[in-house]
Amino acid sequence: MYQKQLNSEEATRQFAEKLSQYLTPGMTILLEGDLGAGKTTFTKGLAAGLEIDRVIKSPTYTIIREYTSGRLPLYHMDLYRLEDSGVEGLGLEEYFSGEGVSIVEWPTVAMEDMPADHLHITLAHGENPDSRQMTITARGHQYTQLLAQLEALDS
1 MYQKQLNSEE ATRQFAEKLS QYLTPGMTIL LEGDLGAGKT TFTKGLAAGL EIDRVIKSPT
61 YTIIREYTSG RLPLYHMDLY RLEDSGVEGL GLEEYFSGEG VSIVEWPTVA MEDMPADHLH
121 ITLAHGENPD SRQMTITARG HQYTQLLAQL EALDS
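So the sequence shown is numbered by the working numbering: it starts at 1 and just counts up by one.
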């Protein structure tokens, strides 16, 4: 487990941009946090690091947004409005095994449909309005190695 205090919206975006440099095709990030915790800000940073030149919007109503203009495609999913049975028929597994990176907001609705190996990031409101406490856990060898690389950046 890796924890980091992010003191501003810009720090959240910059961390995600740094993280994007370590991502490879087929990787999945599960992203959790309360409303307004910075999930979309995080995704914007990830997209910038992947050299995606489109405006990043939360896919709350569309469920999935695909951004293919960058170094790797980004599949941005938001499961907030779905019920437990609402993920059937979305073809999530095709995204998870695809050529891009998948980032899933509100994954708990469909944890049984998420890849066993993934990076799990939780953003929580910090002591001041702009700060966030970030916690990252890794499942699977590839993600454990990625987490070790992130920890090395702080040392």
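Derived by calculation from the structure, the hints in this document are not laboratory data.
Keep in mind that the hints are not guaranteed to be accurate.
Computed Cβ-Cβ distance ranges for the label pairs, DEER-style [unchecked claim]: (1) Lys57 to Tyr22: 22 to 28 Å; (2) Tyr22 to Thr68: 17 to 23 Å; (3) Gln5 to Ala148: 32 to 38 Å; (4) Asp130 to Ser58: 38 to 44 Å; (5) Thr68 to Asp34: 26 to 32 Å.
By construction, the Cβ of each residue, glycine as well, lies at the ideal position given by its N, Cα and C atoms.
query: Okay, Lys57 versus Tyr22 on CB: inside 22 to 28 Å?
result: Holds - the Cβ-Cβ distance for Lys57 and Tyr22, about 25 Å, lies within 22 to 28 Å.
- request: Can you let me know if the beta-carbon spacing of Thr68 and Asp34 is within 26 to 32 Å?
  value: Holds, at about 30 Å.
query: Taking the CB of Gln5 and the CB of Ala148, does the distance hold inside 32 to 38 Å?
result: Violated, at about 20 Å.
message: Between the beta carbons of Tyr22 and Thr68, is the distance compatible with 17 to 23 Å?
response: Given range 17 to 23 Å: holds, Cβ gap about 20 Å.
message: 38 to 44 Å was suggested as the range; check whether the CB atoms of Asp130 and Ser58 agree with it.
response: 19 Å, violated
Comparing the model with each earlier hint shows violations of hints 3 and 4; every other hint is respected.
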